[in-house]
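Protein chains: 2
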Amino acid sequence: MKLKFLGTGTSQGVPVIGCTCEVCTSENPKDKRFRSSVMITTEESRKILIDCGPDFREQMLLNHENNVDIALLTHEHNDHVIGLDDMRPLIFKSGKDMPIYCYHRVGQEIKKRFPYAFTDVRYPGAPAFELHEIENKPFKVLDTEITPVEVIHYKITVFGYKFKNLAYITDANFISDTEKEKLQNLDVLILNCIRKFDPHPAHFVLPDVIALFKELKPKKLFLTHISHHLGLHDIEDKDLPEGMHLAYDGLEIEF
Amino acid sequence: MKLKFLGTGTSQGVPVIGCTCEVCTSENPKDKRFRSSVMITTEESRKILIDCGPDFREQMLLNHENNVDIALLTHEHNDHVIGLDDMRPLIFKSGKDMPIYCYHRVGQEIKKRFPYAFTDVRYPGAPAFELHEIENKPFKVLDTEITPVEVIHYKITVFGYKFKNLAYITDANFISDTEKEKLQNLDVLILNCIRKFDPHPAHFVLPDVIALFKELKPKKLFLTHISHHLGLHDIEDKDLPEGMHLAYDGLEIEF
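Heads up: the protein sequence lines correspond to chains A and B, in order. Residue 1 is where the first sequence starts when you use full-length UniProt numbering, and the numbers rise one by one after that. Residue 1 is where the second sequence starts when you use full-length UniProt numbering, and the numbers rise one by one after that.
Among the hints, erroneous ones may be present.
[Unchecked claim] Residues on chain B that point at chain A, a partial pick, calculated with CB under 10 Å: (1) Arg113; (2) Thr119; (3) Pro127.
Rather than coming from a laboratory, the hints here were simulated on the basis of the structure. Backbone N, C-alpha and C fix where the C-beta goes; we use that ideal spot for every residue, glycine too.
Bound conformation, chain A alone:
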């Protein structure tokens, strides 16, 4: 299987509009971060998208991706769902409603935020989604076993997703001991890390992630959902403990 980072940025993206800091003005492509999303390619070349934020169209075009078989949503925040309307070309081409897997709560929010996709008589050219409610237990789709990992993000629960020996967790500031059981000794752990120092009410910061790396002992850990406050990619990446890396847009991992 393969995982490609379509975006590794926090909710405002990097650069931030109007910001003149050294990260936002860096010319290194690794310092340009779309909103966090990944594309999983299964053994049978099926495509599983995790999250569909505002950069979805650009992410698909830049990565020459032409298909999504199913989408998994981690939670309902704007930067993880608001690109759903841009799935229309894929929906029109396939002639099928786009299958979306998420919490019941997230599905309800999608219905509120894209009401025109769920009316009995739809506007010509409206998108069409097939919502699948999932709970915190493993499920199989596209011949692929997927294990949700429930984490806490400020005041809400968020699903991370585990495939084989890789787990992708974005938007967490707390993981319970029960859920940590699913994350022991992974080959690859992907974790959100918004900035370097100051604690954040909804996101891990670098010291939290280093502590989790030591505790959970994945072979490799990649940081994502990164803000401009984490610093320049090439400098910060070198300073991380061995086995830890900053992810960047376009990075591909085989697992």
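Given the coordinates of chain A, assemble chain B onto it according to the supplied hints.
Structure of chain B alone, referenced to chain A:
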């Protein structure tokens, strides 16, 4: 005053994800069209944004735009409003709610689609908007006189906006005789044109726009809200009647 086209594409943008037609695979930057939006710069260098679609962040970054003083919305369709959350960096920097001018109906829809921006207790980092309901009569803001022009788009009304002797109309398939009075003998008329031939239930197509050009007699007419079915920019632009042009992303007009 100046008007800059931040986007000149229809709701799916050009290229369309997964499309291999000659327009979608063209390497001419004029064939790459973000969703329709323009930035007006007033005599006092204030910034008026018209519409805030999914490409808003990219449009601001690519055009080195760092500020929006007010936003005018034409209507509530996804490709014209769904980027509003990406105004957050501007809202945080100014410390003020972003003023948005639109129909009452559109304001109600914004409240539904961005509910977390209108709750009494907001999530940390949520955007904040100041909604101003407008009607079909001239109003003055930022020392600038703005005249709405009400047009029909399938089954809904949409506002075009006129500044001095320029009018910007996107998403129309019908303009009443009363509203046409506002559009006589303009210096610049900007009109939506989705494709070349087949009639469309919600948008003007090229023969409609050519007929309006002859009827309303603007000195110049620019087409916007263009799909890949209109053809290659450089070829189609040459074939238009004298005084008519395809707009393209980044085009700037002084008026």
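Each hint, compared with the structure:
1. Taking 10 Å as the C-beta contact cut-off toward chain A, the hint placing Arg113(B) at the interface holds, the least distance being around 6 Å.
2. The closest approach between the C-beta of Thr119(B) and any C-beta of chain A is roughly 13 Å, which is over the 10 Å cut-off, so the hint fails.
3. Checking Pro127(B) against chain A by beta carbon gives a least distance of about 9 Å; that is within 10 Å, so the hint holds.
Comparing the model with each numbered hint stated earlier shows that hint 2 is the single one that does not hold.
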